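Chains H and L supply the protein sequences, listed in that same order. According to the working numbering, the first sequence is numbered sequentially starting from 1. According to the working numbering, the second sequence is numbered sequentially starting from 1.
Simulated from the structure, these hints should not be mistaken for laboratory data. Any given hint could be a false lead.
Estimated spans, in silico, between C-beta atoms of each pair [stated by the list, open to error]:
id : chain 1 : residue 1 : chain 2 : residue 2 : range
1  : L       : I34       : H       : P349      : 58 to 64 Å
2  : L       : M19       : H       : G365      : 51 to 57 Å
3  : L       : Y55       : H       : V220      : 25 to 31 Å
4  : L       : Y55       : H       : T213      : 22 to 28 Å
Covered stretches of chain H, as calculated for chain L (at least 3 residues, CB under 8 Å) [claimed, not checked]:
id : stretch
5  : 121-128
6  : 292-303
Since this is a predicted model, take the numbers as computed values, not measurements. Every residue gets a Cβ at the ideal spot worked out from N, C-alpha and C, and that includes glycine.
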Amino acid sequence: MDKFLGYLRQDGSAGIRNYIIVVSTVQCASNVAIRIAEQTIAIPITHDFGCMESKENSDKIKLGLMKACENPNVYGVVVVGLGCEQIDADEIYNYVKGLNKPVYKIVIQEEGGPKQSIAKGIEYVDRLEKDSEQEQRDSFGLEKLTVGVQCGGSDWSTALAGNTVIGAMTDLIVKNGGTVLMSEVEGFPGSEHVVAEKAVNKEVGIDIINMVTELREDFVKEHGQTIEEVNPTPGNKAGGITTLVEKSMGNIKKMGTAAVQGIIQVGEKVPYPGLWILDCRAQGPDSFVTTSFAMSGAQTTAFSTGRGSPLGNAVMPLVKITGNPETYKTLNSIMDFNAGRVILGEDIPIVGEDLYRKIIEVADGMITKSEDNMNFDYTIPRDN
Amino acid sequence: MKTGLLVDPSDNVAVATTMIEAGEKIKVENEIIIVNQRVPVGHKVAIKDINKNEYVYKYGVPIGRMNTSVRKGDYIHTHNITDVTEELCQSYIADFMKED
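Let's have the full structure, built from the sequences with the hints guiding it.
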C-alpha cells in the first residue's frame with residue numbers, strides 16, 4: 001500500500017501543508033485580515049457577510065469558517081473580528097481552541113483600530129510561522145488522505161480526457177485505502193441510474209435516486225421547466241454534446257468504477273474511506289464545490305479544466321488537469337498535469353496512474369500551480 | 001492520420017479529436033473509417049451502420065435514439081439523434097426500485 005508524508009494533527013488527521021490562515025468573521029474585518037496576510041506568509045479567508053443575515057445563511061458562513069480552520073492542512077489560525085458582528089469571533093476562536101490548534105484572536109474595536117490590529121496580527125502570524133517550523137512530516141497510509149474530484153471551465157476534452165483520467169485516479173486512490181469526494185450533483189440528472197448502480201448496496205442506490213429526484217423536482221418548481229428542457233445548452237451542443245445522458249456521463253466519469261459508499265452533507269466528514277458523494281447543491285461558482293470539499297477535510301482536489309480555470313483554494317492545493325493538449329501549452333502557468341496525452345493516443349489507465357503518482361507527490365509537499373500563483377479562493381456555499 | 005477516440009469498447013460512435021473533413025480517413029482503434037460529412041472536434045461519427053430506432057452508445061451506455069438510419073462514417077448529432085433521457089432514466093429507475 002502507498003504512503004504519503006503529512007503533519008499529524010491533534011484530531012488524528014494528517015495535513016499535507018502547514019498553512020497559517022487569517023480568518024475575518026465579518027466583512028468589516030476583511031480588510032485588516034488581508035493587510036495581515038499581505039505582510040506575512042498567512043493566507044486570508046474573507047467574505048462579504050457575517051452580519052445582518054438570516055440565521056440560515058449566517059450559520060452556513062460560520063460553518064464554512066470553522067471548517068476552514070479544521071482542515072488538516074491548517075497549522076494555525078488568527079481570527080479577526082470587529083466586535084459587534086453577528087458571527088462572534090469568540091465562537092470561532094473557541095472552536096479552534098477545542099481542536100487543540102494554535103489560535104489567536106484580534107477584535108478591532110478592542111485593539112484601538114485597524115493599524116494596531118494589523119501590527120498585532122503580523123506578530124501573531126510570525127509566532128505561528130516560527131512554531132510551525134518545528135513540525136516534522138510523518139508517513140501515513142492513504143486512509144488519512146481525502147481527494148476531491150471536480151471539473152470546470154470545460155470544453156470537448158474535459159469528459160473525454162480530463163475526467164476519464166481523473167476516474168482512473170479515483171480507482172487507484174480507493175484501491176489503496178483512500179477517500180475520494182465527488183459532488184456536482186446538479187450534473188447527475190441523466191445518469192442517476194448509472195450512479196445508483198455504482199452504489200455499494202441498494203439503500204445507498206435509493207438514496208442517490210431520491211436525491212436526484214428531489215433536485216429534478218426543485219428545478220421545475222424554481223424554473224417552471226424540466227432539466228431536460230434546458231439541457232444540453234446551446235454551448236454544449238456546439239461542443240458536440242447531443243443529449244443530457246451524454247452531458248451527464250461526462251461529469252460522472254470522475255468517479256471511476258469504485259463503489260459509492262454513501263452521501264454526506266456540506267460540513268460533514270466521511271465515516272470511513274472510499275468513494276463518497278458530497279451533496280452540495282448551492283448554485284454558484286466552481287469554488288462552492290471545492291470549498292465544500294475543503295470543509296469536509298479534503299487535503300487536495302483533482303480539478304480538470306479544458307478551457308483553463310485558475311481556481312485554487314485557501315486551505316487545499318488544487319491539482320489542475322487539462323484534457324486539451326493545446327490548453328496545456330497555452331495555459332501552462334496554471335496547469336499541473338496534461339491529460340491531453342489521452343487525446344494524442346495514450347491509454348487512460350497509464351495516464352491515470354501518472355496522475356495518481358502526481359497526487360501523492362503533491363501530498364508529500366510538491367507545490368502546485370494554484371499555490372504558486374497564490375489562487376487562494378474560499379467561497380462558502382450559501383443561498384443567493 | 002487523424003483519429004477518432006473510442007470512449008468505450010461497446011460504443012457505436014467515436015469522437016473526433018480534431019476537425020475532420022468529408023471524405024477524410026480516420027483511424028479508430030485498429031480500423032480505418034472514411035468519414036462522410038465534416039465532423040467538428042469533439043463531435044461524433046458512427047463507426048458502424050446504425051438503424052433507425054436503435055440506440056447510440058457512448059461511454060458504454062445509450063445516450064439517445066437514432067431517428068433515421070445512418071451508415072458507418074456518418075456525422076451523428078442533434079439532426080439524427082432523439083434525446084430520450086427522461087424515458088431512459090424513468091425505465092432504469094423503475095427497474096432499479098423493483099429489483100431485490
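Evaluation of the provided hints:
{"no.": "1", "hint": "I34/L / P349/H: 58 to 64 Å", "in the structure": "30 Å, violated"}
{"no.": "2", "hint": "M19/L / G365/H: 51 to 57 Å", "in the structure": "42 Å, violated"}
{"no.": "3", "hint": "Y55/L / V220/H: 25 to 31 Å", "in the structure": "27 Å, holds"}
{"no.": "4", "hint": "Y55/L / T213/H: 22 to 28 Å", "in the structure": "24 Å, holds"}
{"no.": "5", "hint": "121-128", "in the structure": "violated (count 0)"}
{"no.": "6", "hint": "292-303", "in the structure": "violated (count 0)"}
Hint compliance for this structure: hints 1, 2, 5, 6 are not met, and every other hint is.
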